[in-house]
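From just these sequences and the hints, can you work out the full model?
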Amino acid sequence: MNRKNSLPEIENSGKINRRDFFGMAWKGLGILAALELLGMISAYIFSAKNKQSHVTKLIQDAGSVDSFAPGSVSAFMGGRFYLARLQNGGFIALSLRCTHLGCSISWEESKKRFICPCHSSAFDISGEVLNPPAARALSYYPIMIENGMVKVDVGTLKERNSFRKDQLVFAQ
Amino acid sequence: MQNILLHLHPSKVSERSLTFNRTFGLGGMAALLIVIQIITGILLRFYYIPSPAGAYSSVVFLKRQVLFGQFVRNIHYWSGVFLLMTAFLHFLRVFLTGAFREDRRINWLFGLSLLAVIVLSNFTGYLLPWDQLAYWAITVSTNIIGYFPFFGESLRMTIIGGKELNADTLQSFFTVHSALLPFMLLLIVVYHFWRVRKSGGIMLPAGQDKGEMLPVMPSLVYREFILALLLIAVLFLFAAVFNAPLLERANPVYSMNPTKAPWYFAGVQELLMHFHPFFAAFIIPLGVLAFLAWIPFISYDQKPSGHWFISEKGKRSAKATAVFAAGVTLAGIFFNAWVLNFEMIMPGIPAVISNGIIPLAILSLLMAVYYRLYLKRFRLSKAEKVQAAFVFIVVSFVILTLCGIFFRGKDMALMLPWNV
Chain U
1 MNRKNSLPEI ENSGKINRRD FFGMAWKGLG ILAALELLGM ISAYIFSAKN KQSHVTKLIQ
61 DAGSVDSFAP GSVSAFMGGR FYLARLQNGG FIALSLRCTH LGCSISWEES KKRFICPCHS
121 SAFDISGEVL NPPAARALSY YPIMIENGMV KVDVGTLKER NSFRKDQLVF AQ
Chain D
1 MQNILLHLHP SKVSERSLTF NRTFGLGGMA ALLIVIQIIT GILLRFYYIP SPAGAYSSVV
61 FLKRQVLFGQ FVRNIHYWSG VFLLMTAFLH FLRVFLTGAF REDRRINWLF GLSLLAVIVL
121 SNFTGYLLPW DQLAYWAITV STNIIGYFPF FGESLRMTII GGKELNADTL QSFFTVHSAL
181 LPFMLLLIVV YHFWRVRKSG GIMLPAGQDK GEMLPVMPSL VYREFILALL LIAVLFLFAA
241 VFNAPLLERA NPVYSMNPTK APWYFAGVQE LLMHFHPFFA AFIIPLGVLA FLAWIPFISY
301 DQKPSGHWFI SEKGKRSAKA TAVFAAGVTL AGIFFNAWVL NFEMIMPGIP AVISNGIIPL
361 AILSLLMAVY YRLYLKRFRL SKAEKVQAAF VFIVVSFVIL TLCGIFFRGK DMALMLPWNV
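The listed protein sequences derive, respectively, from chains U and D.
Going letter by letter, the first sequence gives residues 1 to 172 in this note's numbering.
Going letter by letter, the second sequence gives residues 1 to 420 in this note's numbering.
Treat each hint with caution, since some may be false.
What the hints assert, rightly or not - Distance condition first, Cα-Cα at most 20 Å in a straight line; then the derived DMTMM-like pairs of lysine to aspartate or glutamate:
(1) D:Lys410 / U:Glu108
(2) D:Lys163 / D:Glu153
(3) U:Lys158 / U:Asp61
(4) D:Lys303 / D:Glu102
(5) D:Lys163 / U:Glu159
(6) U:Lys111 / D:Asp411
(7) D:Lys163 / U:Asp153
(8) U:Lys158 / D:Glu153
(9) U:Lys158 / D:Glu102
(10) D:Lys303 / D:Asp103
(11) D:Lys63 / D:Glu248
(12) D:Lys382 / D:Glu102
What the hints assert, rightly or not - Partner residues aside, some chain U positions facing chain D, computed with beta carbon under 10 Å:
(13) Tyr44
(14) Ile45
(15) Arg80
(16) Ile105
(17) Cys118
(18) His119
(19) Pro132
(20) Leu157
(21) Lys158
(22) Ser162
Note that these hints are calculated values from the structure, not bench results.
C-beta atoms are modelled at their ideal positions from N, C-alpha and C, and glycine is treated no differently.
Listed below in structure tokens is the structure:
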């Protein structure tokens with residue numbers, strides 16, 4: 001701090017004098033206060049973010065099991081998913097979002113594949129990657145089949161690296 | 001009024017610092033553009049509604065119903081574009097005249113943070129019209145953040161306040177764009193100018209006498225005034241002739257083809273076409289930023305000369321490096337797009353290696369060969385070597401950006417600009 005006014009013998013002894021001590025104490029308190037303020041501000045900004053958005057469990061009725069032919073893909077744009085029924089009869093509800101950079105994929109019936117318009121990633125009917133740059137298979141939503149009706153839980157998005165048989169849901 | 005102007009300036013300036021090609025007036029132009037952004041931004045806020053339901057219609061209302069609405073929006077749009085370009089050119093000028101070393105190094109860091117704030121201002125503003133262009137550009141760019149290792153996905157979700165763009169995203173982008181960033185910008189700009197004065201004005205060539213000291217009024221103030229008028233004229237001309245883009249209202253179900261990041265991130269997006277995201281979105285940009293922040297703190301063997309490109313051989317080596325960088329970048333883009341895709345020929349190997357480490361190693365090898373076989377004979381000083389590295393980075397970045405903006409069309413395939 002103000003070195004001119006401090007006593008020379010104290011200065012030379014290398015000890016902290018009272019003036020320096022208070023100077024450092026003030027600085028320390030200032031830093032502490034700034035950190036607290038920063039913490040409070042980020043808590044203020046981010047604490048309620050996830051509460052505000054809908055974390056509700058939304059179940060969407062897709063239709064009866066029989067209305068989906070094996071090997072077909074039906075779009076549910078309101079729920080933002082494609083309901084795919086594979087040749088073996090298993091159902092999977094695929095998210096609309098390309099796993100590369102989040103664009104909306106679309107189903108090409110002629111080529112039997114999902115295409116992303118942004119960077120031309122391609123996925124097969126089960127959501128498996130056919131063409132990079134996407135590296136992960138399409139995410140999917142859990143399906144329940146009750147009384148012959150297909151229901152999709154669009155509140156729970158499941159991410160995965162690749163397709164596995166147990167991700168399919170079959171009608172009893 | 002005259003007093004305020006004089007208060008912002010020193011009372012006298014050296015006649016050498018008035019030479020136009022010393023600075024091209026870039027810093028001053030950037031400051032003026034910031035003021036224009038704040039004024040037009042305030043005007044836009046009288047009509048803008050920051051919600052997914054209201055945003056797009058409020059912009060359409062502004063365009064159709066408000067007198068000069070379209071014009072004010074156009075000025076804000078073009079001024080934002082000009083500001084980013086001016087700030088970038090200013091950054092090049094400061095580096096290439098060596099005005100980033102010794103007592104100016106802290107100001108270099110503040111300059112970099114200003115550049116970052118300006119990029120962020122542009123980025124947060126890009127979303128606000130909530131049209132298809134805005135929605136998908138911000139979707140793609142924020143998804144790039146998701147590729148940062150460990151904290152990427154949570155950082156992405158924190159920034160956009162959910163898994164996808166939503167009302168919270170728009171609200172917080174609007175707040176950051178129209179309150180937080182302008183406030184930061186003003187604070188840092190004032191400090192930035194003050195530090196220049198504290199370093200004794202702008203950088204002048206060493207070893208020459210400073211010339212006559214002239215009173216700042218009229219010598220400098222009149223020059224600034226003329227440049228300001230010219231800039232405003234060009235800006236208004238642009239705003240009168242070219243409309244700011246506005247597509248259909250954002251539709252989360254249908255992506256545009258092609259979906260491009262905002263133009264200043266087109267370089268990063270182009271990099272993403274060639275490298276694994278871990279390298280394209282994280283390692284390479286971070287490395288470049290670290291390099292830029294580090295260069296003033298290298299211990300150089302000579303004092304900064306203050307001449308453009310340091311010296312004659314500095315200039316020649318920079319030119320050669322610019323040609324080399326352009327060649328390597330273009331060759332890399334074409335080679336990767338048409339001849340050989342690393343990920344496809346090595347399907348068994350993780351993409352981080354096949355499409356990250358391997359191409360990066362090839363690139364480093366090319367650079368090493370260029371240095372050993374060609375650049376070495378210049379016998380460059382340390383500062384000139386750093387300058388060559390800087391030139392390489394800048395030229396590659398500019399070429400990647402131009403390629404991403406003008407030469408990527410449907411399905412992000414390479415094509416000529418008039419087919420895009």
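Quick rundown of the hints versus the structure:
1. For the suggested pair Lys410 (chain D) and Glu108 (chain U), the alpha carbons sit about 17 Å apart, so the restraint of at most 20 Å is met.
2. For the hint linking Lys163 (chain D) to Glu153 (chain D), the alpha-carbon distance of about 9 Å falls within 20 Å, and the restraint holds.
3. Under the criterion of a C-alpha separation no larger than 20 Å, the hint pairing Lys158 (chain U) with Asp61 (chain U) is consistent with the structure, at around 18 Å.
4. Straight-line distance between C-alpha atoms of Lys303 (chain D) and Glu102 (chain D) comes to about 9 Å, which keeps the hinted pair within the 20 Å bound.
5. Under the criterion of a C-alpha separation no larger than 20 Å, the hint pairing Lys163 (chain D) with Glu159 (chain U) is consistent with the structure, at around 12 Å.
6. Between Lys111 (chain U) and Asp411 (chain D) the alpha-carbon distance is near 16 Å, which keeps this suggested pair within the 20 Å criterion.
7. Among the hinted pairs, Lys163 (chain D) with Asp153 (chain U) is consistent with the structure: their alpha-carbon atoms are about 16 Å apart, no more than 20 Å.
8. A distance of roughly 14 Å separates the Cα atoms of Lys158 (chain U) and Glu153 (chain D); the hinted pair therefore holds under the 20 Å criterion.
9. Annotation: proposed proximity of Lys158 (chain U) to Glu102 (chain D) is violated, straight-line Cα distance about 54 Å (limit 20 Å).
10. Proposed proximity of Lys303 (chain D) and Asp103 (chain D) is supported: the alpha carbons are some 12 Å apart, at most 20 Å.
11. Of the supplied pair hints, the one linking Lys63 (chain D) and Glu248 (chain D) holds, its CA atoms being roughly 14 Å apart against a limit of 20 Å.
12. A hinted pair counts as satisfied when its Cα atoms are at most 20 Å apart, and Lys382 (chain D) with Glu102 (chain D) qualifies at roughly 15 Å.
13. Checking Tyr44 (chain U) against chain D: minimum C-beta separation of about 12 Å lies over 10 Å; hint violated.
14. Among the interface hints, the one on Ile45 (chain U) holds; its C-beta lies about 8 Å from the nearest C-beta in chain D, closer than the 10 Å criterion.
15. Look at Arg80 (chain U): its Cβ gets to within about 7 Å of chain D, closer than 10 Å, so that hint holds up.
16. Of the supplied interface hints, the one on Ile105 (chain U) holds, with its beta-carbon coming within about 8 Å of a beta-carbon of chain D, less than 10 Å.
17. For the restraint placing Cys118 (chain U) at the interface with chain D, the shortest Cβ-Cβ distance is roughly 4 Å, inside the 10 Å limit, so the hint holds.
18. For the restraint placing His119 (chain U) at the interface with chain D, the shortest Cβ-Cβ distance is roughly 5 Å, inside the 10 Å limit, so the hint holds.
19. A cut of 10 Å between beta carbons decides the hint on Pro132 (chain U): the least distance to chain D is about 5 Å, and the hint holds.
20. For Leu157 (chain U), the interface hint holds, since its Cβ comes within 10 Å of a Cβ in chain D; the closest pair sits about 7 Å apart.
21. Interface restraint check: Lys158 (chain U) against chain D, minimum CB-CB distance 12 Å, threshold 10 Å, status violated.
22. Restraint check, Ser162 (chain U) versus chain D: the minimum CB separation of about 14 Å is more than 10 Å; hint violated.
Going down the numbered hints, you'll see the structure goes against 9, 13, 21 and 22, while the others check out.
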